[in-house]
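There are 2 protein chains.
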Amino acid sequence: MPQYNPPLRDMQFVLHELFNVVDTFRTLPAHADIDVDTVNAVLEEGGKFAAQVVAPINLSGDAEGCALDKTTHEVTPPKGFKEAYAQYVEGGWPALSCDPAFGGQGLPHTVNQCFYEMLNSANQAWTMYPGLSHGAYECLHAHGTDAQKSTYLPKLTSGEWTGTMCLTEPHCGTDLGLLRTKAEPQADGTYKITGAKIFISAGEHDMVDNIIHLVLARLPDAPAGSKGISLFVVPKFLVNADGSLGARNGIYCGGLEHKMGIHANATCQMILDGAVGTLVGQPNKGLAAMFVMMNAARLGVGCQSLGLTEVAYQNAVAYAKDRLQMRALSGVKAPEKAADPIIVHPDVRKMLLTARAYAEGGRALCVYTAMKLDVALNAADADERQEAEDEVALLTPIVKAFITDNGWIATSHCMQVYGGHGFIHEWGMEQYVRDARINMIYEGTNTIQSLDLLGRKVLGDNGKKLKKLGKMVAAFVEEEGVREDMQEFINPLADLGEKVTKLTMEIGMKAMGNPEEVGSAAVDYLRVVGHLVYAYLWARMAKVALDKQDSGDTFYTAKLHTARFYFAKLLPETASLIRTARAGVAPLMAMDEALF
Amino acid sequence: MPQYNPPLRDMQFVLHELFNVVDTFRTLPAHADIDVDTVNAVLEEGGKFAAQVVAPINLSGDAEGCALDKTTHEVTPPKGFKEAYAQYVEGGWPALSCDPAFGGQGLPHTVNQCFYEMLNSANQAWTMYPGLSHGAYECLHAHGTDAQKSTYLPKLTSGEWTGTMCLTEPHCGTDLGLLRTKAEPQADGTYKITGAKIFISAGEHDMVDNIIHLVLARLPDAPAGSKGISLFVVPKFLVNADGSLGARNGIYCGGLEHKMGIHANATCQMILDGAVGTLVGQPNKGLAAMFVMMNAARLGVGCQSLGLTEVAYQNAVAYAKDRLQMRALSGVKAPEKAADPIIVHPDVRKMLLTARAYAEGGRALCVYTAMKLDVALNAADADERQEAEDEVALLTPIVKAFITDNGWIATSHCMQVYGGHGFIHEWGMEQYVRDARINMIYEGTNTIQSLDLLGRKVLGDNGKKLKKLGKMVAAFVEEEGVREDMQEFINPLADLGEKVTKLTMEIGMKAMGNPEEVGSAAVDYLRVVGHLVYAYLWARMAKVALDKQDSGDTFYTAKLHTARFYFAKLLPETASLIRTARAGVAPLMAMDEALF
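Here the protein sequences line up with chains Y and X, keeping their order. Those letters in the first sequence? Residues 624 to 1219, by this note's numbering. Those letters in the second sequence? Residues 624 to 1219, by this note's numbering.
In this list, chains with the same sequence are indistinguishable; a pair is considered to hold if it fits within one copy or across any two.
The list that follows gives simulated cross-link-like pairs (lysine to aspartate or glutamate, DMTMM-like), each with its CA atoms no further than 20 angstroms apart: (1) K944 to D1215; (2) K772 to E783; (3) K1122 to E1196; (4) K1090 to E1010.
No lab work stands behind these hints, which were simulated from the structure alone.
Make the full structure from the sequences, and use the hints.
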């Protein structure tokens, strides 16, 4: 069975040495008192919870899956899941980054991000039960009425109840404008909602007393398409005025999906049969309200693949040091053994270092984005909030798509390190690959992310947000470019920065003639910009490591080696991506549909 | 449930229009009489068998898996597998390319290759039951005594019995020199074999009366390592002198693996407890004899991923034409529908065309290699046989690793086309991805293939075999370079040919200083050479299509579009691969093992 060691040292490096997050927190009224020790203590305890409570039920949960009682419509998750969730609530973990006004601990999202990375390493399927609550919480916090807030937020904060997002229907996922679920207004101001939803993660389970569904539906007089969608909160059990649970509401699980991965999370078909709900936000403005959930979820999905990449790496390294097979090409390395450990073989190292560089790069990106999210939510100054929000908007599709694509590559590599054993369930590696696969699909496929980045976030504002990123990179290049020992990192970073500028302008020009050019280039473009961001972060990490490499702490030596690996073996992918992005629309669109 | 339509038209294109295989057959005494109609008729019938008998039990077989009775050690494959196998035997399919001396039909391997592609598209797990027999057959045919041949080959040819390869042990897969299974000589000339084997595909099942295991083991006085390994044939039931079945032999299934994919194939732990076997070939020369099986198996594995790529493509296209979601960026395409079919979106097309270009390119490579194998086995002239054998030796690791890596990429893309539905078992797409994953691992991991290519096949003979490939490419470039309409294919092909030559020399030079340079570059190198081979084949296919595009048959139009897609969007991967191959050993080996 795989093992998991919380990467606390690297988290501390990223939090305190790379970004000095506490300095940023100090500028935010809500977080001004948080110090390094508090952050570290929370993460140390969080790591214990992840490794000791949640990780041990990952493999068994995958083998067992969830069970639906078709008579009662109740869902039972795998053994141990309910007990682990009870411990999670007991420990106060759901409240970590929630608003103190509703019982939360008010810690920064940055801390919660690191906690969730560890939960995801330990058990992505389990983590989705509490994880989905965050979206519902954020959405109600931003758009709920006072009554909705006081009814739901304290229970979501304590973890006594969980939440879901009910968006997808059988005929519409990406294109929510097609959705058909109906909401009929009632005399008492509530709505009766009827329809069928699919792919509802954690849609039904026995771990809590109530489940709070956020449901997209259409009002009777709603305009067609995406401008006629409203958002409703629909509890599994209606809630009485005194907060006690009332009648069972007409929303129930009609079926569970049999999936490639995340077997232990209940992916539900939800039937709404006149379910009672209340409107969240304005009528017909449901998609906008929903995007509060969605953006949180997209960052959360990136964090899932970060977690899987880290744990897959850890286990593959342990196996590569233990497994004896063949001798090194350069001669025997372990003469006392029957063969050398496979970590002596260059390509085994390449697979391991790919996972390592993507895990550490992904961690830096996730923490950076979470820190900016904290600024966007809490800075005293409105301009500062806006600036941070813009940066988060630009980075969100990169967090979602770049980290999950890399997670697929990395977990597959780590599985490959095990040879035939990687394909066998008991070793746990193939589960990481299967679990990682969904992250490229849900909460907006990675193609949708790339269109969001290139079409909306970059070209949509004439490159303003991208230019800010460019300026940040350029400032770093200028500042560190004078250092001899930084050349190996600064030169390729500067080069890629220029190429991204040119590529963006070129695509922008072509898109004016043919909008399909955006769709043709977007996926390659996102990976190029992803690499620009990683190159920037890796160069910054290398700088810190160079400055401290004489400390005697080999952590910095390893960081430098990993940085060099990133620049030598991963960044060059951009050479191909830029070529294929520039190859444009004709090779894709020239062939008649009938000829496929 | 996925559908499968045998790609007979494209097979005919590759066989008869691209390679004119019958012209080659005519030069081979054993196949001189075979004509185009015979080849097409066999494949048409074979396609029906694959699509109508084998494909319908693929999804159900994956869901059901195999069952082991721990008391009797008998294994039951999923429902319908035994019946389909009986039809397979009934139809004479096992004998297709077997030696007429043992009851075979004596058709070329080229025909069998195309038949197996269709079986693999239909059901990889089922196909492995008869598929493994081919390795055992080839091995006994090449190295067996007359008694072994007359005992086993007729029954393997008829399909009444199946065969296996028992190589791997828990502590050794790649490094067979470590194996421990013991063979003790008996007074009657047989051996008693004792040990434990794992990962034995089709190791036990109820579809036939007898299973013929080819087992690697050590004689008592054998030298250590890979020079002390012998090969034995060990039947499940001993065979009496009259050919009737005798006592149950001491080889039985001790357990079944729970795997990521190919659930319906029994992956057995085989216990040998004094099992009676006879020696195949010379004592201590087992690895050499085994490589006859292994080379056949490696070509077979490439063919598995070719099959999966094709069937995944077919289904993804059907879904992309049917699924309505969003409008095209360039405006509404299907105004009569609620949304446009997703095939209007450029990135959906990119995913589809990637699979299509890899399927058609892989088919061309597999058929070409099989044709050369037929020449190597059957040409009258010894030099001609050797020349063809050299070419097959060079191409084998490319068939195995390049096609299976591409199959992983392609099946994953095709699954992505389905969005969330791709992750759901009933749609069948995620099964293709899971099944495709093992092909990168077994019969020598793809890293081992790359070392075989660069270390043994290219540098090992100072580039002689590679130079022959280079000459073939150069001749085509020279011949077609004068054609204006071939420039778009010839120029990048010629360019890549030169780059491969330079890269090979550079790595060869560096490897003289440090042999780890081979291991560092090998995986990237194999993909570069794989693309050179595909660029050559795609350019040749484009030429045929250009010559016939005025025929009015849109098949050639589609072929040209796919060729253009390949050169525009897939071949450019070489730009990155050459950079990372050249980045060399330091980024991989500089980091101390302890720092991982």
